[in-house]
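In the order they appear, the protein sequences are chains A and B. Each step along the first sequence adds one to the number in the UniProt record's numbering, with nothing skipped, and position 98 is 98. Each step along the second sequence adds one to the number in the UniProt record's numbering, with nothing skipped, and position 91 is 91.
These are calculated hints, taken from the structure and not from any lab test. Certain hints may be false.
[Said to hold, decoys possible] Here are the simulated BS3-like cross-link-like pairs (lysine-lysine), alpha carbons at most 30 Å apart as the crow flies:
id : chain 1 : residue 1 : chain 2 : residue 2
1  : B       : 225       : A       : 52
2  : A       : 174       : A       : 238
3  : B       : 176       : A       : 56
4  : A       : 285       : A       : 200
5  : A       : 219       : A       : 246
6  : B       : 164       : A       : 53
7  : A       : 14        : A       : 174
8  : A       : 52        : B       : 131
9  : B       : 164       : A       : 52
No experiment lies behind these values; they were computed from the predicted model shown.
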Amino acid sequence: MTQHIPAVNGKAYKANLEVFAATLERLAASDKQIIAVTSDSRGSGKLAPYGKKYPKQIVEVGIAEQNLVGVAAGLASTGKKVFAVSPACFLTARALEQIKADVAYSNNPVNVIGISAGVSYGALGSTHHSLHDYAALRAINNIIVVAPADNYETEKAIELAAESPYPVYLRFGKKAMDFLKEDNSDGFEFGKGRIIAQGKDITFIATGEAVLPAVKAAKKLASEKNINATVISMHTIKPLDTDLIKRVAANGAPIITAEEHSVYGGLGEACASYLLQNGIHNPFKIVAIPDEYTVTGSQVEIMDHYGISEEGLFNEALKILGA
Amino acid sequence: MTNEQLKLKSIEYRQKLLTCIFNCKAGHTGGSLSSVDILNVLYNEILNVSPETFSSPIRDRYIQSKGHCVEVLFVVLADMGFFPESDLLTMNQYQSHYIGHPTRKVKGVEQNTGALGHGLPICVGTAIAAKLDDQDYKVFTLLGDGEIAEGANWEAAMAASHYKLDNLCAIIDNNKLQITSTNREVMNSDPLDAKFESFGWAVREVDGNDVGALKVLMQSLPFEKDKPSLIIAHTKKGKGISFMEDVLKWHHGVPSAAEYEQAMAELEAAKAVILEEQVASLVNE
Numbered sequence: 001m002t003q004h005i006p007a008v009n010g011k012a013y014k015a016n017l018e019v020f021a022a023t024l025e026r027l028a029a030s031d032k033q034i035i036a037v038t039s040d041s042r043g044s045g046k047l048a049p050y051g052k053k054y055p056k057q058i059v060e061v062g063i064a065e066q067n068l069v070g071v072a073a074g075l076a077s078t079g080k081k082v083f084a085v086s087p088a089c090f091l092t093a094r095a096l097e098q099i100k101a102d103v104a105y106s107n108n109p110v111n112v113i114g115i116s117a118g119v120s121y122g123a124l125g126s127t128h129h130s131l132h133d134y135a136a137l138r139a140i141n142n143i144i145v146v147a148p149a150d151n152y153e154t155e156k157a158i159e160l161a162a163e164s165p166y167p168v169y170l171r172f173g174k175k176a177m178d179f180l181k182e183d184n185s186d187g188f189e190f191g192k193g194r195i196i197a198q199g200k201d202i203t204f205i206a207t208g209e210a211v212l213p214a215v216k217a218a219k220k221l222a223s224e225k226n227i228n229a230t231v232i233s234m235h236t237i238k239p240l241d242t243d244l245i246k247r248v249a250a251n252g253a254p255i256i257t258a259e260e261h262s263v264y265g266g267l268g269e270a271c272a273s274y275l276l277q278n279g280i281h282n283p284f285k286i287v288a289i290p291d292e293y294t295v296t297g298s299q300v301e302i303m304d305h306y307g308i309s310e311e312g313l314f315n316e317a318l319k320i321l322g323a
Numbered sequence: 001m002t003n004e005q006l007k008l009k010s011i012e013y014r015q016k017l018l019t020c021i022f023n024c025k026a027g028h029t030g031g032s033l034s035s036v037d038i039l040n041v042l043y044n045e046i047l048n049v050s051p052e053t054f055s056s057p058i059r060d061r062y063i064q065s066k067g068h069c070v071e072v073l074f075v076v077l078a079d080m081g082f083f084p085e086s087d088l089l090t091m092n093q094y095q096s097h098y099i100g101h102p103t104r105k106v107k108g109v110e111q112n113t114g115a116l117g118h119g120l121p122i123c124v125g126t127a128i129a130a131k132l133d134d135q136d137y138k139v140f141t142l143l144g145d146g147e148i149a150e151g152a153n154w155e156a157a158m159a160a161s162h163y164k165l166d167n168l169c170a171i172i173d174n175n176k177l178q179i180t181s182t183n184r185e186v187m188n189s190d191p192l193d194a195k196f197e198s199f200g201w202a203v204r205e206v207d208g209n210d211v212g213a214l215k216v217l218m219q220s221l222p223f224e225k226d227k228p229s230l231i232i233a234h235t236k237k238g239k240g241i242s243f244m245e246d247v248l249k250w251h252h253g254v255p256s257a258a259e260y261e262q263a264m265a266e267l268e269a270a271k272a273v274i275l276e277e278q279v280a281s282l283v284n285e
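Isolated chain A, as found in the complex:
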């Protein structure tokens, strides 16, 4: 529950990454089977305090992502609850074969933790961006793909991942994330999207750090245009909550998907595939990073540039509604 999350700098929320580290620390206190595996990434993963507190529950492999995932698989095969932590860009590209073979195919239930995901690294450039991870991992059997949106979803996702009998991929960004809503009594489970707001005119289906801009765009649409939007946090990209998509699509209102990922192979195409194959033909738009040399800038600047923002999603909604 959210009361476990300590406030930082007087704020009630912080980066999902920090919540990940705090949650892991809390779980590790009572569960000695929890092990973090890092590739010189404990600093970037906010795990330095964890490492100091639980030196027997962290394994450092150095800057070697392939070995990181292989070692994690070996540890998990003995019953350890393993969190393999590394920047998403390296983890899901360089070590993709290890995720595919050692983790997913062999069913060693490693929690593959992609930190500083999407364009979190901003101006460090495309080497450090992960815009391919949903696409790559969606095409691999036996791994759950999750991008929690806020601190609550992050904490719940870590708790579930620790007990998951199957491999899980979780990705987080670096920036502080406001809570999506105050009342989280609807709960959180993998494969079940969360309804953050309900409205009849348009539906936003977003994931990870793209959910908050969708929530803000929905508020702006309501206050400035009297347009009422449904907002779904589709934290689990695979398996996709197709029941929920079907339900929210039933009124025929346009659907806009939003994600910090390539337009190819991510949440948007997953939704499109489901809708088209089931004869559901609502007006539909994918807002994501286009297939081009990514613009340079900070995470916020890049997301603003491609319209994965309050303003961008507000404008897309007006466009698709012809308003």
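Assemble chain B onto chain A, guided by the hints.
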């Protein structure tokens, strides 16, 4: 087992794996034959694992990194009683679990392997877990010599010595041939001993087709306290069959009916020699 019994066992395994490959018309013949004696000694003399103890958390682990030589592994696992030998008649057939690389759907297989360079990192993780849990089970892997070119091996080799994993033993089936040509021509990995020693491993070399020597060596594990052990097993690709030994095309060559007959006859003859020697030594006593 006595050395003679182990030798006879190796002949039996060679016959069975050739039969398996002949029946399903596919397989990695040369590398399976070169590593028969290693698996024979491991499973019959060294590993603390059996069908009854396979789910025990303290069993020894064998993870075959050179997964393509699956025929030898399946034949040995069947002999250990993990599954009936007749299961191998389904090898490579539609919906069979017995396919061209090890999978955990087959009882006795620890990890799904086949992509090269994956076994050693998994073994490092498993061996670290043993240390963390204060357990004394051992972790073994078999690597191909061509496989050594995969970079992940060297990431894992570094970590194994960093964590002082003297409960880990890697064996290189050094048959000196890979699919294209000799290792030396494709990508020279020599000197393997100096490379691993410089990474902090305790290295020993052995005739990898000599069951007696393998047994003595493996019984002396770990070679040095606080160091991972490497066995460079000098083997012959296609070992035991005159026309297959050191011949490149048998990497994944499938014998014709005539070749199969000849191979089986050669193995029968080798068996007869061992049995005659046994009789002679009994008479002399």
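Hints, verified against the model:
For the hint linking residue 225 (chain B) to residue 52 (chain A), the alpha-carbon distance of about 28 Å falls within 30 Å, and the restraint holds. This hinted pair checks out: residue 174 (chain A) and residue 238 (chain A) have alpha carbons roughly 23 Å apart, not beyond 30 Å. About 41 Å separates the Cα atoms of residue 176 (chain B) and residue 56 (chain A), which puts this hinted pair outside 30 Å; it is violated. Restraint check for residue 285 (chain A) and residue 200 (chain A): satisfied, since their Cα atoms lie roughly 17 Å apart, inside the 30 Å limit.
Taking the CA atoms of residue 219 (chain A) and residue 246 (chain A), the gap is about 23 Å. The hint holds against a cut of 30 Å. Distance check on the hinted pair: residue 164 (chain B) and residue 53 (chain A) sit about 23 Å apart at the alpha-carbon level, within 30 Å; holds. Using a Cα cut-off of 30 Å, the hinted pair residue 14 (chain A) and residue 174 (chain A) holds, with the two alpha carbons roughly 9 Å apart. Taking the CA atoms of residue 52 (chain A) and residue 131 (chain B), the gap is about 19 Å. The hint holds against a cut of 30 Å.
Between the alpha carbons of residue 164 (chain B) and residue 52 (chain A) the distance comes to roughly 21 Å, so the proposed pair stays at or under 30 Å and holds.
Hint 3 from the earlier list is the only one contradicted by this structure; the remaining hints agree with it.
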